[in-house]
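We have chain A already, so just place chain B on it with the hints.
Protein sequence lines correspond, in order, to chains A and B. Just so we're aligned, residue 15 is where the first sequence starts under this note's numbering, counting upward by one. Just so we're aligned, residue -3 is where the second sequence starts under this note's numbering, counting upward by one.
Be a bit skeptical, because a hint or two may be false.
Some, not all, of what chain A presents toward chain B, calculated at C-beta under 10 angstroms [as the list claims (entries may be wrong)]:
#  : residue
1  : Ile104
2  : Thr113
3  : Val118
4  : Gln120
5  : Gly158
6  : Leu159
7  : Tyr162
8  : Pro257
9  : Tyr261
10 : Ser270
Derived from the structure by calculation, the hints contain no laboratory data. Glycine included, each C-beta is placed from N, C-alpha and C at the ideal position.
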Amino acid sequence: MSQDARLTLVHLSVSIGAKRVLDDISIKLLPHRITALVGESGSGKSMTALAVMGLLPQGAVATGAVQLHGTGDLLALREAALCAIRGRKIAMIFQEPMTALNPVMQIGAQVAEALLVHGLAENRREAMAQARAVLDRVGLSQIGLDRYPHELSGGQRQRAAIAAAIAPAPDILIADEATTALDVTTQSEILDLLRQLVREDGMSMLLITHDLAVVADMADEIAVLAAGKIVEAAPTTNILQAPQHPYTQTLLAAASPAPRAKRVIEREVVLQASDVTRIYPARRRGLRRSPPMVALKNVSLTLRRGECLGLVGGSGCGKSTLARALLGLEEIQSGAIDITGRAVSPNMSPADRRRISIVFQDPYGSFNPRWPVKRIIAEPLDLIAVSEESRASRVETALVQVGLSPEDAQKFPHQFSGGQRQRIAIARALITKPDILVLDEAVSALDVSVRARVLDLLKSLQEDLQLSYIFITHDLSVVAHMADRIAVMQAGQIVETGPAAELLTNPKQQYTQNLLKAAPRLTVPMRRKERT
Amino acid sequence: MLTYFLNRALAMILSLAVASVVIFCLIEVVPGDPASFMLGLNATDAAVANLRAELGLNQSGLARYLAWVGGMVQGDFGISYTYRVPVSELIQDRLAVSLPLAIYALLLSTALAIPIGVLAAAKRGAWPDLGVMAAAQLGIAIPNFWFAMLLVLLFAVKLQWVSAGGFAGWDSFGAGVASLTLPAIALALPQAAILARVLRSALLETLEQDYIRTARAKGLTRRQTLWRHALRNAGIPVMTILGLQFSFLLAGAIIIENVFFLPGLGRLIFQGITQRDLIVVESVTMLLVFAVILVTFLVDLAYAALDPRLRR
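Bound conformation, chain B alone:
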C-alpha cells in the first residue's frame, strides 16, 4: 500500500513539473507584450523598457521560469500586471467562490446519481429504468447555460426565492450557499445524468458476474446483492468519472459563472487572457493543473481503497 501511495505521489510531482514547463512555453509564444499593453498605445519606448525591467521581462527564459516556479513553491505567484495586486490574493478571492461551487455541484450530482443509477440497474428494462434513462439523456443533451437561464427565470424572476446572480460573500454562510445554489444545480444536473448512466451500466455489468450468482446462492436477496456486492465493484468507473467531473467543475464553470455573475476562477482567467495579464493566466492555469492532478491522485487512492487488487 505504501509503495502504491509513493508511486502515485511520484507520478503526481512529475506531471506537475512537465505541466509547468508546457504552460510556461505556451505563454512565451503568445503574441503581445504585457508591458506595452499595460501602458497603452501612447507610451514611450523608454517607459515600456523601464516597465519591462521592473516586471523582470528582460531576463532569460530559463531565469524567469525558475523564478516563477520558485515563487509558486513558496506561495508567491507574482503581481498581476493589470490589477497590481499579488496574484495569490486574486486567486484566493476567486477560489472562495469556485471551490465551494465545484464541491457543492459534485455533492449534488453524486447524491442524485447514485440512487438513480441503482434504481435504473435494479429495475432494468422496466419503466423506472426507461424513464430515468430518458431523463438522463435529456440532462446530457440540454446545454447547461440554457438550463441555468430557465432556473433563473423560474426561481429568481418568477418565484423570487433567490437573487438572479452575484455572490453574497461568505460573511453569512447561508447567503453564500443560497447564491451558489442555482449555479450548482445548473452544473450538477448534466453531470448527474452522465454519472447515473455510467453507474447503471457498471452495475449491470457487475450483476452479470459469477460472484453475484454466488451471493444469490448464499441466500442474499436481490437488493442485498446489489448494495453489498455489486455497488462497490461498480465503483471504479464511477470514481473515474467523478474525478474528471470535479476537474471540469472547477475550471469549466466559466459559462455558468458568467450567467450568474459569479466572481470565479473561470472569469478571472478569461479576463486575464483578454487583458494580456499573462502572469495571472500562467498562475491560474498552473493552479488548475495542480487541482486536476491532485484530484487524479485522490481518485487513484480511492481505487486502491475500493479494490484490494490494486494495492501493490
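Only chain A is shown next, with the shape it has when bound in the complex:
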C-alpha cells in the first residue's frame, strides 16, 4: 500500500526557536481514505497542516520530509513551486467560516480564483461557469455567484469555502476544525458533504479536530497527537474500542461524560419565569424600517434549589436572550420573571441582582486584561455593601472554592490557562453568594480533559452551595452529564422540556429528534456500517 500513499509525512519535526512544537510525526494519506488527527489545543494539529502546506509561521524550521506522490519532498521545494501545489494538489479548509472568506469579494470570484490561479480555466467566464457547477455540487445552487460572504449563513459560508477548496480537484483535502464553529445540525450536514466528496472523488482527507465524536463518525484511521507527538495511531474502531495509550483513554473518557444519575429535587422553586416574551422593536435604518423581531415567545420555566436545567437549541434560537432576560438585562414585553420571590427587571435593585450570576463562554474576552484577579473577582461585590476585610476574605474563599490558590489573587489573567480562567470566571460569579448560576456555553471553549475537570468542579459546587444552574450549551453529551431537566429551544420558544434522561432517549418533538440525530457520537462505527 505504501507506494499508493498520496502524501506521506516522514519523521516530520518542527521547531520554533529552541522549542520543538512537532516531534517525529509520520502519517500516510491514502486515496478514498479519511485520516483524523486528534488532539487538544496546542498539541500541534494545525502546525502539522501548515507544515504540509508550506505555510509555517516565520521562524519555524521543519525537518524530516513531506512526500507528495509524484512530486517528492515538499520541504525541499521553493516558494514558487509550492504555490503551484497549494490549492491544486493539496487544498485546505479552515475553522472560521465567518473570517475565512474575503469579506469584500463575491463568492463566485473567490471560487473562480482558485481555478484561474492554477490555469484551470481559460478565462474568467469559463472559471465562473465552473465555479457555478462546484457551488451547485456543495449544495449552494440557490446562491448567486454575486453574493458576498456576509449575506450567507455560517453553514453556507463553509460550503462556499469547501467549493473554493475542491474546485481545482485536489488530491488531498485538509480540513482544520472545519465544523467546530457550526451548530450540530449544520455540522452534521457539512460532515456528510465532506464524506461524500472524499468518497466520490477519491480524495485523501486529513481531518484535524479536537472532537473525537466527529472523528468517530468520519475517519478510517485516527492519529492521536499530544504535545507535538503522535501517541497512538490505528484504525478508528481500534482506537474507540481498545485505546492503548493512557492519553487516548483519558481523552475518550472525557469526551463522553456519563449521563447524570437521576435525582429527585423537591426543594423550593428559586426561579419562576412565566410567558416571557421579548420583542426587539422595529429599528429605523435611515429611511427604512426593519420589522420587529420576536426573540422570545411565551417562554416559561421553573428552577428549584440545587437543580440543573439544561437549555439546548441551534444558534440564534434565543438561548442567550433568555439568559440575559433572566439576569434582568433585557426589557421584556410581557410575562414575568421572579427569583426567590422578587421580580426581575432591568431596573431591579443591585441587592436583588446579587442572586443570579453568569459565566460566559470566552475565558479570554471576559476579563479586563489590566486588572489583577482579586479586582476582577471582587467587582460584583460593588452591588452590595461589603467591608474591605470581608472583600479580601471573600475573594480568598471564592478562589479556594474553584480550586485555585489564594496567592493567585495578585496575578493577572494572562498568567492563567483557559481552564484556569474559566475557574476565575466561576469565582467571580460565586462571590456574591448567588442562588442561581447561568452557565452560557461556559465549557464550550475548553479542551475535553480540561472541560471534564471544570464540569466536576461545577457539580461539587452545586452540592456544597446548593446552587441552581441554568446550563446553556449546544453539546448534548455535556448537557446529559450535567442537567436534571432539559428545555429545548427553537425560534424563541421552548418546544420541549422534561427530565434529562427521558428527553434524550425518547424525544417527543421532531426538532429534538433532529437535534439528537445530528449530534455526533462516539459509538458510531456501528452507525457507519449501517450507512455503507
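For chain B alone, coordinates are given in the frame of chain A:
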C-alpha cells in the same frame, strides 16, 4: 444601496444646515462693525448709519440669516464690504488656484503613498520597511513651510526651473501647473508620509486575517495575496485619511499659499478677517464646510464601493 445613498445625502444636508447656523452666530458675536471699519475713523454717524442700511445690517438676525442662506442657494454670496465686488467672483478666482492645488497635492500624495505603503508592508521588518518608515517619520516631523522654503531655494533660486512664487494663471495650462508644482509637493509630502504609514499598518493588520491564509492555501503568491485580497480590505482607513487630507489641503494651505504668494482661498479668508470683511469670511467658511461635508459624503460612498457589508 439606494437607501444608503439617501441616508448619506440626508445627513449631508442636515450637517450643512447646522453648520450655516453656527457660522452665522459666530460671525454675529465677532466685535467690530463692518460699516464703521469700511468708512474709517473720521466717518460721521449718519454716513455709518446709511452704509449700515445699505448693507442690510439693520435688519433682525433671523432676516439676515435667511437672506444669506437664500442668496447662497441661488449662488449669490453678497457683495464684499472691502472689494465691492460680488463675493462669488472672489471665490471663483481663488478657487481656480486652491482647488487644483488641493487635487494636485492629493494625487501626488496618493501616488507616492500607495507604492511606499505596500512596499513597507510586503517587506515588513526588512530594510525597505525600516528605511521607508524612517523617511515617513521625517516627512511628518518637518514643518511643510520650512520644506517649502528649501524647495524654493533649490528649484527656483539655484536651479531656476520654476519661479519662486506667484501664480501664472490658467491661460497656459502648462504654466499654471508649473507654478503649482512646488506648493503641491510641499503640501503632498507630509500627507504622503501619513498616508503611507496608515496604509502600511492597515495592510499589516489585514495580512493577519484568516482569509489571507485561505488565499495563500489556494495557491496565490504572497504578492497576489497582497494586491488582490489585502489592499482592498485595507482601503477603508486609507479612504478616511484621504478624505480628511483633502479638506485640510483645501482650507489649510494658507501657510503654503503665503510662502508661494498664491492667491488662494486661505489668503482670501485671512484678509477677510483682518479687514472685517465679514461677508467674505462667512461665505468662504461656509464654502469650506460644504467642501468638507461633500468630501465626507464621497468618502462614505467610497466605503460602500469598497465594502459590500456597508451597502444597506
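How the hints compare with the structure:
1. Ile104: holds, 8 angstroms
2. Thr113: holds, 4 angstroms
3. Val118: holds, 5 angstroms
4. Gln120: With a closest approach of 8 angstroms, the Gln120 of chain A hint holds.
5. Gly158: violated, 13 angstroms
6. Leu159: violated, 14 angstroms
7. Tyr162: Nearest chain B Cβ about 4 angstroms off; hint holds.
8. Pro257: The hint is violated - Pro257 of chain A has no Cβ within 10 angstroms of chain B, the shortest such distance being about 32 angstroms.
9. Tyr261: violated, 29 angstroms
10. Ser270: For Ser270 of chain A, the interface hint is violated, since the closest Cβ of chain B sits about 31 angstroms away, which is over 10 angstroms.
Checked against the numbered hints listed earlier, the structure breaks hints 5, 6, 8, 9 and 10; every other hint is satisfied.
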